[in-house]
Amino acid sequence: MTTIVVFVEHANGSAKRGSLEALGAARALTSSVVAVLCGAGAEQAAGTLGKHGAAKAVVLDGGAWSPDAAASGTAAVVKEQQAKGFLASATSTGRDLAPRVAALLDSTLLSDCTALTQDGATRPWLAGKLVATLRSKAPVLCATLRRNVFPVREDGGKCEVLRGPALGAGKATLEKVEPRPAGKLDVSEAPVVVSGGRGLKEPQHFAMIEELAAAFGNAAVGASRAVVDAGWRPHAEQVGQTGKTVSPQLYVAVGISGAIQHLAGMKTSKVIVAINKDPEAPIFKIADYGIVGDVFEVVPVLTEAIRKAKAHG
Amino acid sequence: MKIIACIKRVPTTDLQPRVAADGKHLDASGVQHMTSFYDEIAVEEAIRLKEKQGGEVTVLTIGPSDVSKELREALAKGADKGLILVDPAWTDRDPLDTARVLKGKIAELGADVVLLGRVATDRDNAAVGPMLATLLGWACVTDVIGLEIADGRGTARREADAGLETFSFALPAVITCQKDLNEPRYAGLKGIMAAKKKPVEEAPAPANTSQVEVVKLELPASRKAGRIVGEGAAAVPALIDALRNEAKLL
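Same order as they appear, the protein sequences are chains X and Y.
Residue 106 in the numbering used here sits at position 82 of the first sequence; the count goes up by one each step and never skips.
Residue 498 in the numbering used here sits at position 150 of the second sequence; the count goes up by one each step and never skips.
Keep in mind the hints are simulated off the structure, nothing from the lab.
No residue lacks a Cβ here, since even glycine has one placed at the ideal position from N, Cα and C.
Please note: incorrect hints may appear among the correct ones.
Label-pair restraints from in silico Cβ distances [unchecked claim]: (1) Gly37(X) to Ser377(Y): 47 to 57 angstroms; (2) Thr26(X) to Glu496(Y): 22 to 32 angstroms; (3) Ala139(X) to Gln364(Y): 21 to 31 angstroms.
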């Protein structure tokens, strides 16, 4: 039985959802899944991984976060376990760490995969305008997995927690984190994304988008490239080929006409709603539900309706 | 200071791609090319570092000979020399192979800072920068939106899911550039003229050692046709009904 090592991110003693998805993807291929965790609270998080598919968890102690030190420690676990696979979630940390681990294993990396097999993966090219099925001849199959694609398993058993060697000193070390304001979700992890575009006319009208997002409760605010380039919104919120690719349960496009670069970044969303005054806007070609109308008239009414729907469960 | 910016030729982002007859490659007919969006930010940051600290900017790429067009654009903006590792089939290289080829050349040239885009907008791997740093044994910060270099050390702010992270490191270092790092300049006429006299060298790229084989390349499944539920605010109840009873989302 081949072994797959999964890098597990955690916060406040519990593993992050993307990492649980990666454990589930590994468990679908083998029963020998080894989690690697580092940082404060790792041991507590490690103890919870059994039911999500991990048979073992290796905890690596270390000082301040350093991706190169963590990569060295993780690659050492892959070698020690003679693993044939290495997975991480395609989070900002996973996408930073996994290429380093892969390079240390003389293996290439398949990034942001949407399906995984014993010897390959499926992944988007050109921000999802094409889908490539790839076979890897790397000594270790290394991949990062797109979030919200692979299911989290809850049916596993016990997980043995082991302590690995402490991490060495890193070449780049984390000095400071300025957290996102409380309650603000990132577009690439939120189950609902409400995005605004040029149809909002003025930057201050994004307040309307924020209110609609708040009405959903679990929504992040997104933006089209046009309004990011105009300086209305930060690049972190940009959805599309030169921004983030998202696949939420629900994507609401407000005043976004739907340039091909934007559509590439959001068309794998489960359900797409578009509100635009132009009935010919390309966004309506991929939207499940469209409302043709003035966003200033429609959005406040929609916000109130979502608020009521949420309040009544 | 020795600065190297690595760029990649990619299809323009407005491309509506077609799959070639072999079912494994992008149909190249009618494809226009550009420097990958984020690599332009890397070139700009390289020139700004040189303007602040002095030194020399080399722009390095793997590609066909006529990628000199993209290199000349970087030279017109203020880079000093260009170097093409010639490979007409450059897109067949996987991230590890690309990192190995760049590593070989950079180790030979020497550098204090190597800048790359955070991701190339064709294959979207976002892997070459951190792989290159790992092979060189150098520090690396990815997705950087703020960079300070002084006295052989650097600090870089990166855009992470949880917020902004600040890293410190000693040079030499590899930095991958995110959009908010800078606003790339346009080349002026003077720069374009000057670029004609700047050197662009060519050397053969080492053989491709990629570990990835394309089994199949396809257009994504098209979405099931949706519908317009109505016009104006009066359509909101119909939308709520659809989200609740069809999509089961509320």
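Structure-based check of all given hints:
no., hint, verdict
1, Gly37(X) to Ser377(Y): 47 to 57 angstroms, "55 angstroms, holds"
2, Thr26(X) to Glu496(Y): 22 to 32 angstroms, "45 angstroms, violated"
3, Ala139(X) to Gln364(Y): 21 to 31 angstroms, "24 angstroms, holds"
Checked against the numbered hints above, the structure violates only hint 2.
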